[in-house]
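Trainee: We have chain G already, so just place chain C on it with the hints.
Here the protein sequences come in this chain order: G and C. Going by this note's numbering, the final residue of the first sequence carries number 321, and the count climbs one at a time with no gaps. Going by this note's numbering, the final residue of the second sequence carries number 321, and the count climbs one at a time with no gaps.
You may find that some hints are simply not true.
Same chains, same label: a pair holds when it works inside one copy or across any pair of copies.
Derived DMTMM-like pairs (lysine to aspartate or glutamate); straight-line CA-CA distance at most 25 Å [stated by the list, open to error]: (1) K276 to E82; (2) K155 to D135; (3) K290 to D80; (4) K227 to E61; (5) K275 to D175; (6) K290 to E61; (7) K276 to D264; (8) K155 to D133; (9) K276 to D175; (10) K34 to E106; (11) K155 to D80; (12) K155 to E289; (13) K34 to E67; (14) K275 to E106; (15) K155 to E82; (16) K227 to D175; (17) K132 to D80; (18) K275 to D80; (19) K34 to D62; (20) K54 to D217; (21) K132 to E82; (22) K276 to D102.
Rather than coming from a laboratory, the hints here were simulated on the basis of the structure.
Protein chains: 2
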Amino acid sequence: MMLSAMGVYSIGVDLGGTNLRVAAMTPDGQILEKLSSSTCYEHGPEGVVHDMVKVVRQVTEDIGRGELAGVGIGFPGFIDMESGVIVGSANLPGFTGFPIRDTIQEHLGTTIILENDANAAALGEKWLGAGKDVDDLVLITLGTGIGGGIVSGGKILRGFRGMAGEIGHMTVFPDGNPCGCGNCGCLEKHASASAIAAMAGMMGIATQRFSAREVYDLALAGNPRAKLVFESVGRALGIAIANLVSLFNFPLYLLSGGPLPAWDFFAPSMFTEIKKRSFTFDSTSTRVEKAVLGSDAGLYGAAYLPLQQHPLASVAIPSPR
Amino acid sequence: MMLSAMGVYSIGVDLGGTNLRVAAMTPDGQILEKLSSSTCYEHGPEGVVHDMVKVVRQVTEDIGRGELAGVGIGFPGFIDMESGVIVGSANLPGFTGFPIRDTIQEHLGTTIILENDANAAALGEKWLGAGKDVDDLVLITLGTGIGGGIVSGGKILRGFRGMAGEIGHMTVFPDGNPCGCGNCGCLEKHASASAIAAMAGMMGIATQRFSAREVYDLALAGNPRAKLVFESVGRALGIAIANLVSLFNFPLYLLSGGPLPAWDFFAPSMFTEIKKRSFTFDSTSTRVEKAVLGSDAGLYGAAYLPLQQHPLASVAIPSPR
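Isolated chain G (complex conformation) (with noise of 0.2 Å):
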């Protein structure tokens, strides 16, 4: 796609566990460039870095004009937003301490802003996907974990520490499952991809390990132990969102992740909690839907983040109000 001369646009990059995507986009959304490249996290932050620079710099060559906003970063870890520094990361545990805005800065010169990959990804929603028509969203994607992000006002709830949004560790379940992070009924325990395979391993479903994925085939061919695992995770997805909605009032709550073709399964029991557990639901038009962009979500907030501080370009981004 061509740019307008002289018109303003922004870079996103999404740091996965295994590669490294980055999108070029115009401030209503249209993609001029996205592609992906792998990058060896085993040489560290500087190697990592060093490949994110290269190809930032091929797509502003292959762009040639325009104002570049600048390159939003979802990374998947914590970041601390005033230093610019990784706190600490499950998946990429040699990043603690890195100061990566600073390091990028350096070698590209223009605004770098960092952010969780699970709040850039309910900022993508927000800007072009499930959540286009609304200021307000809660985000719940569910993987090995579970994580989430929440748009106010629309705009990411951050916290003071950069670590709102923690939904899949919210207690459900007080005596539930036990949880690495020292709880016990955490969300992600009872609801993530991981836990639908490790509750099948304990209805005797199967000897072997079961992924999700083999759950949800079992329970398509009809498997009454297969369907009550999403009933369980349904419930306990249902508790959770139900006390979203009484805290925040929000119009809509978004599910994604592998999990999300089981819905079917899953999300009888979840509206069942959720109408018996929250009145605001019943008396308000709250939706609880699927999101929509997939693994892109992210990467589309990321690139989102620098054309929101942009004069320019927000002026070009319509208002859902």
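Mentor: Chain C alone, transformed into the frame defined by chain G:
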């Protein structure tokens, strides 16, 4: 207190279930005048508005000069913020459907801002109370029920229908005590003053129905069963607050209300639960404390509402950051 000529001031009104309180305040939180008045709620909303308008006019005459930024009103119920109509109130059912904002505006001809009373109390604690040094906090008010208010970025988080902050209806025990809202295990059925009294009854501490205050007196006297009631209250509060910490990552969570003197009896189990259930609490300087303004919090918060919108007044308010 004298107001300087041309100085900006604001009036806050607290419409309790039993009386009407009014305060005139300067932008830096000085009280110019503060008074209580009885009002006959049996005469319906028109009668209450009549009484309120009379008191507000008396206050503006007393002050004489200065610019009135507006009148903020804390109301014990749900308000449709766009229309200024009362959606519902457990304490003042006669107000449902009443266009309270426009009716008062017609009489007084100044800016009228309505707010839920628990939200106003949270804002009051942020402005002049325990939250003076932060921009983000959650207030939990323990009374007959449990209410709450969330202040995010210095402003009340309202939600899209003004129903945010329903902390009392968070589920803490999925199979816990039944609640009038249709749920089981709502926080307010395990930690409100009414719940304390009811649990003491369950424990067989006395045959007659005790008040929360009497249960507290028994605990003070060393009664082990009364102490157990407060330990249970602490557990419920701890589960709820841990969830708030995981979601918001705010620096401050405040408790207020009648059971506050029993802090030493419920706080130990409360902090045990928070520490166990929220890694965010342990890894940041998160504080859980007593609110300090008591029943004045809502009155001051109501007065702050018009000042937040007033261009001259906002200049005079010292920013915590």
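Trainee: Which of the listed hints are not met by the structure?
Mentor: Violated hints: 1, 3, 4, 6, 14, 20 and 22; rest satisfied.
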